[in-house]
Amino acid sequence: MHASRTAPRTEGDWFWLPVPRPHAAIRLLCFPHAGGDATAFTSLGRLLPEEIELWGVRMPARGGRARDPYPESFGALVHAVGEAALPHLDRPYAVLGQSIGALVGYEVARKLSARLAPTACVVIGFAPPHTWRETPGSGGDADVRDLVDFMLRNDARAGAVITHPALREMVRRVLLADMGLVRSYRDPGTGPLDCPLQAILGADDEAVTAGEMEEWKRCSTGGHRLDVLPAGHLVIQSGETAARQVAAIVGDLLLPSLYQ
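Numbering (our numbering), first residue to last: 11 to 270.
Among the hints, a few may not be true.
[As the list claims (entries may be wrong)] Restraint-style ranges between C-beta atoms, simulated for each label pair:
1) GLU144 to GLY22: 32 to 40 Å
2) TRP142 to ARG235: 34 to 42 Å
3) THR141 to PRO32: 20 to 28 Å
4) GLY201 to GLU144: 22 to 30 Å
5) GLU216 to ARG77: 16 to 24 Å
By construction, these hints were calculated from the structure, which means they are not laboratory data.
Beta carbons are placed, not taken as given, at the ideal position from N, Cα and C, and that holds for glycine.
Just need the whole structure built from these sequences, with the hints factored in.
Spelled out as structure tokens, the structure:
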């Protein structure tokens, strides 16, 4: 059966594979935006080259894990995902995160580097911690509500399914909890990554600047590049053209490493 027609499957509690490719040479661990889930990467999984298998991170307290407890802190989330990923480091892997997921993915990559360094790290639409004047969402409840409304406006898929007040409130609670995780972030002090770091920014992103995204260069000793795409804050959710561009960037970044 052709890979694109293979049914999605889960791997344990934490991972969802929209397009299983058991013979792929590299795994791409993908971390969703605030309020998002692994299904945010469905289109990207289908567009990636056959050599790359996408593993979307299934966040608790939503979707298929609605009854699972929410992490107590940012560090607890990183530890849990890292422990779940360890048994699957039997081949090269890379990390991609969008919005808040960029920070989570970066920290999971730092944790996993003690066992196996990633081939690359891709961060989309989130500033590195050393550029923060204050922690995102730290300005009080009103500030957090503004951030939640911003995320809802930028996730067309979420906006389409939360016209019902009860559903909207459920999504809002998850978003608020995710923003709370960022407020609990503490730098573990494990040093920068030693792999290429690719930053991606939507040209219409109102939440982060190109200058802030350039600062990810301090977070890796393996080289840094920034690409600005015609998209909004959630680049992958900005339409098929943007998703195809991200897939092409990821392919160009990862495939050469397989033949070195």
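Which numbered hints does this structure break? Checked against the structure, the hints that fail are numbers 2, 3, 5, while the rest are satisfied.
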